[in-house]
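Participant: What follows is the residue order along each chain.
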Amino acid sequence: MEQHLDRKNLTEGVVWKKLLIFFLPIAAGTCIQQLYNAVDGLILGRFVGTSALAAVGGSSAQIINLLIGFFVAITSGASVVIAQVYGANRARDVQIAAGNAIAVFALLGLLLMGFGLVLSPAMLRLLKTPADTLEDAILYLRIYFIGVPFILVLNMESNMLRSVGDSVSPFLYMVAGCVTNILLDSLFVLVLGWGVAGVAVATVAAQVLNMGMLTWRLMTTKESYRLSLRELRLKGVYLKNMLWLGVPAGLQSSMYAVSNMIIQVGVNSLGTVVVASWVMTGKTDGIFWAVSNALGAAITSFVGQNRGAGRDDRVKLCVKQGMILATVITLTLSGIIMLTGRPLLYILTKDQAVRDTTWLMMIYFVPYYFTWVVIEVLSGVLRGCGDAVRPVIIIGLGICLLRIVWIVTLFAQIHTLFALCLCYPVSWTLTSAAMLVYYRKGSWKNRGSVIVDH
Amino acid sequence: MRIITISRQFGSGGRELGKRLADRLGWDYYDKEIIDTLAAEHGLDPEYVKRALANHGWHNVQLTYRNSFSHLLYDPGHSAQLLQREREVLRDIAALGNDCIIIGRDADLILEDYHPFRIFVCADLQARLARCMGHEANRPQEERLTEKQILRNIRRIDWNRANTREILTGKASGDGSAFELTVNTTGWDIKKLTEALGDFAEKWFEEQ
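Protein chains in written order, with my numbering: chain A, 193 to 646; chain B, 10 to 217.
Hints are not guaranteed to be accurate.
Chain A side only, calculated, beta carbon under 8 Å to chain B, not exhaustive [to be verified]:
id : residue
1  : A219
2  : A283
3  : V429
4  : N433
With the C-beta cut set under 10 Å, the calculated list includes, among others, these residues of chain A facing chain B [as the list claims (entries may be wrong)]:
id : residue
5  : L319
6  : K320
7  : S526
Keep in mind that the hints were calculated from the coordinates and are not lab data.
None of these values were measured; they are calculated from a predicted model.
Idealized CB from N, CA, C, for every residue including glycine.
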């Protein structure tokens, strides 16, 4: 752990090299998940069919992102509480706080499961899911919701381990979960022919396994945070603070999820082939976002340390070099995706219509990724300087709200795929411009300044 | 060994009081020394350490786009590690065995086994605001905070501190018996207050 901290010292050395060293491990971690995502899409798209792909990755995925994403983000608040109690060296209190956190999320998971089992059909209809995929989507979503208590508890547990300094085992368990998921996918879908249900059961099973491993780790550890079943109960003080600290993160995550949901309604209105193609595009798209977000995280850490050390010269260098680095990486990635996209699509699906539509979407999206660079870099810089609220507001207005408005006004009039996809590059460009203006104005400089206590 | 811990409202003058008390008693004094130790240990800057320790919750959750749920979306990063080390540094200080005064950092809770003399320093909001404004005047013009910003800071920091205490004690805050002495500095001359407190503390330690 000591080494871990020291290696992260970013106040010396060549700026862009430090950024790269920091960025690569994060990017590698998220890319593994994206790889799993792609295999998942391959099994569905190639061996089950277009409507199955649309059923699993369309409206269902958006509902999952909104509801589960909200609660998963709240687990970050719970881990702050546990980190605090753990640091105070009170073994018994740590057990109570940990037991409370797990009880809370198991309970929330059960409630959400009930909610999902009952309301899945209604939610999918509300999103105007195409009729020919509706039945599969309901089946998938219902089975998925059975796994929700496990998902919430496993996220709580891995956050808990990370906040007491163990980030290796949650990562290994996650990789094990992804591998299991792919193996079970193959078994249930390719061998047993269960179709959509097979994919859903494989996902739930992998999550149960992942949670099982984390729970076992927590129950057998000799550290003070050892989980004891007797302590699984609610405690008001912890509960209140976990929610206070976690709900803002949940709201932040919902902001995106809500706008994606509205866009999904637009996608759904264009039919099953477009929905399936949207899911396909999302698989390659995910790789870009994994890389971009990793770069943003690297920049936040870099700026945080250098600004703290009063090295504003290095902060300025970081803005400049980060911008160049991000642009180079993004353009390279765009190039690779455009070059390998078509052949890759032949592997991923047998449906010619889906291939063509996906390729069209990629042309609408992929070359314009670079317009996002300014947002990622500058919001990373601003967060590093302690101004976390404004970037969220700018992105909330410029990305999320703008897209919703676009869908209900422009897209409602010009009902084409092009009109839908266009809102992405437009919102990226406008938000980049807004972020640049805000950054240049410099009024954020005071917001992050640490007030001196007397 | 005798330990005095000073918990305080933001801007109440607890830090000045602690420093003067340490001078009067001739004891060791720990305040930003704790942060400096942490920073030096890891080759980080004290200001950064200070901010990482004050950084709670959602700031660490990245803005994500088409995020799925099992992402590593929370990175406690430095904050959690530094927090653990901060608590260890407090215990190291106590283990030195010298008489000392420790400002903030919830030392009264972390070091409760040492039975410290626990002081809570508060002041009226206007007095705290005036004190902060006075200090702001010494800063360069462009970095100076407005009255509104200071008030917001006062509220935010007090709120964070109260929440941390709640988490650490497992009880709702406002427990009067949590301190041996609570003092409102409004209207006091800090020098005179220091004398009174010094006598009080010495008497208290004699009784133990």
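Participant: Please go over all the hints and tell whether each is borne out by the structure.
Facilitator: Going down the list of hints, with the structure as the test:
1. Hint on A219 of chain A is violated. Least Cβ distance to chain B is approximately 11 Å, over the 8 Å limit.
2. Annotation: interface hint on A283 of chain A violated; nearest CB of chain B at approximately 13 Å, more than 8 Å.
3. Using the Cβ-Cβ criterion of 8 Å, the hint placing V429 of chain A at the interface with chain B is satisfied: the shortest such distance is roughly 5 Å.
4. A hinted interface residue such as N433 of chain A counts as satisfied when its beta carbon comes closer than 8 Å to some beta carbon of chain B; here the least separation is about 5 Å, so the hint holds.
5. Using the Cβ-Cβ criterion of 10 Å, the hint placing L319 of chain A at the interface with chain B is not satisfied: the shortest such distance is roughly 16 Å.
6. Because the closest C-beta pair between K320 of chain A and chain B is about 20 Å apart, greater than 10 Å, the hint is violated.
7. Below 10 Å, beta-carbon pairs count as interface contacts, and S526 of chain A has none with chain B, the closest being about 16 Å; its hint is therefore violated.
The structure fails hints 1, 2, 5, 6 and 7 (numbered hints given earlier, in ascending order).
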